[in-house]
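Novice: Listed below, chain by chain, are the residues.
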Amino acid sequence: MDKKKAVDDIEPGPAPSRSVDKFGFIKPEQGSSPDGISKSRSIHEREREERRIRKWRKMIGVGGSDWKHYVRRNPHVVKRRIRKGIPDCLRGLVWQLLSGSRDLLLMNPGVYETLVIYETSASELEIIRDISRTFPSHIFFQKRHGPGQRSLYNVLKAYSVYDRDVGYVQGMGFLAGLLLLYMSEEDAFWLLVALLKGAVHAPMEGLYQAGLPLVQQYLCQFEKLVIEQMPKLGQHFIDEMINPSMYASQWFITVFSYSFPFHLTLRVWDVFLCEGIKVVFQVGLALLRFCHDELVKLPFEKLLHAFRNFPEEATDPDVLLPLAFTFKVSNRLVELEKEYQKKMEGSNASTSTKRSQPLKSKTFSRIGSRAFASSTNSEK
Amino acid sequence: MAANAGNKIRNAKLVLLGDVGTGKSSLVLRFVKGQFVEFQESTIGAAFFSQTLAVNDETVKFEIWDTAGQERYHSLAPMYYRGAAAAIVVYDITNAASFTRAKKWVQELQAQGNPNTIMALAGNKADLLEARQVPAEEAKTYAQENGLFFMETSAKAATNVNDIFHEIAKRLLQGQQAQDTQAGMVLNQRPAERMVNSSSCCS
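Which chain is which? The protein sequence lines are D and L, in order.
Just so we're aligned, residue 21 is where the first sequence starts under the numbering used here, counting upward by one.
Just so we're aligned, residue 143 is where the second sequence starts under the numbering used here, counting upward by one.
Don't take each hint at face value.
What the hints assert, rightly or not - In silico lysine-lysine, BS3-like type, Cα no more than 25 Å apart, as pairs:
no. : chain 1 : residue 1 : chain 2 : residue 2
1   : D       : Lys322    : L       : Lys203
2   : L       : Lys150    : L       : Lys175
3   : D       : Lys252    : D       : Lys322
4   : L       : Lys312    : L       : Lys282
5   : L       : Lys203    : D       : Lys317
6   : D       : Lys163    : L       : Lys298
7   : L       : Lys150    : D       : Lys317
Because the hints were derived from the structure by calculation, they are not lab data.
Here the structure is a predicted model, which means the values were calculated and not measured.
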């Protein structure tokens, strides 16, 4: 093992002089980084941004004290503002308020520490193997055994102990990594718990359970939506033998946090934490709609290439998200889920029962932003 | 490596299988782009690449599916190996457990896959000789017993990477000629054989 260690310890060159973008990702050598936000801002824009932050601060209150009250009184205002993007400096806090993770944290003092320090996990080696392969181009996660990698390891290990059925699954690292860029380890852990166990929205643990039942369900729902919303493209996919798992499984498994322009990932997450998984369907549909006229002309191989290289205009959040919101899919998703469940029960009753596990942990509560969740779910 | 103009291009679906962190993506990246990165992002789901390779006066176009290595993603694998003309099962020579896992993949392919699939066993990270846990002889014997061809590769040092794909291409074309003379079949009827219909989740 000595040689391997020696090789691994040599850093590939995160020389401090290399320039990083606004989010901390090392810019590609060629210079021209199309991160869509690198244009220098005018004074007017900066003033507008400052006004926006002041509005948000008022809405949140000190440390989040006014948030629940504001949300209860003005759910539509909050939703609209979130769709326009949460100011980056407040993102970490607002994400915790939206997800219900704040309440979990407060109700479970010391739990995270116990999980990290005193428990052992069967997934430890698997986690270690993936640590340096999660956002490898981000400055925070680059340094071997540095604070970023250590935090990432701790959060993933803690989760794998917290839910031993799920353990650690590749893909979770990108969720945890994204969260760690905006909050502390313990906050990131509870947000992961809130998502997977369903504090506010439907639990997402099925994305990672054996057989990936929820991935299969989402892909099935997505395939139907494509056919319904874009019949010509849907038929073209069928003709070219394109299955949604070839391009969309990572969209769902990592909620667009993997191999996706980071500024867009953040905007998707703002909405995702507020409105739920629905936005992943909407953004997926919007990407296909935006490139529709091009995609219908492409053969199998070129299609697969196109899915990995959406044009820069398509990944501008201020273009893509408004387009995404034009797809009204809430009701249809519910119907398609029912259809899917019925079909699964019919076909193999024995294997598909694992999905809707009840919350087994008493540490869990559904209070939090419940009021907000129901108010946003009721409007379409 | 460019295809000669005018000759026939054969399409061949190829799948890479193997344990987490054995270097499946790195092998593909080396073959397709001639690049190597020390910390390759984990593959989530699967990734598609294509590359053509000229063998004598014929050209094979590989449609490559690079799969996620973790056991939990196992349920997605069949749709990628079904109908594949070739498979590369990858292990890491510095990790004995990854060799065990490679054998499991071979068994699964033998049981579930197409009997005509050309299978290669790649012992990757061959540059890390001092950390070796899997003797080359052991892998070679295993490969012979199971009708695979075997190479130790290094995506990092670019050792045997093109060679393994080249050998697969050669064997595909040989098998093809044999088939041509027998029944006049095509290597990979497209697009129908690319994916088996049951891979679709609904309908």
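Novice: Let me make sure I understand: some of the numbered hints might not hold for this structure. Which ones are they, in numerical order?
Specialist: Of the numbered hints given earlier, the structure breaks none, since each of them holds.
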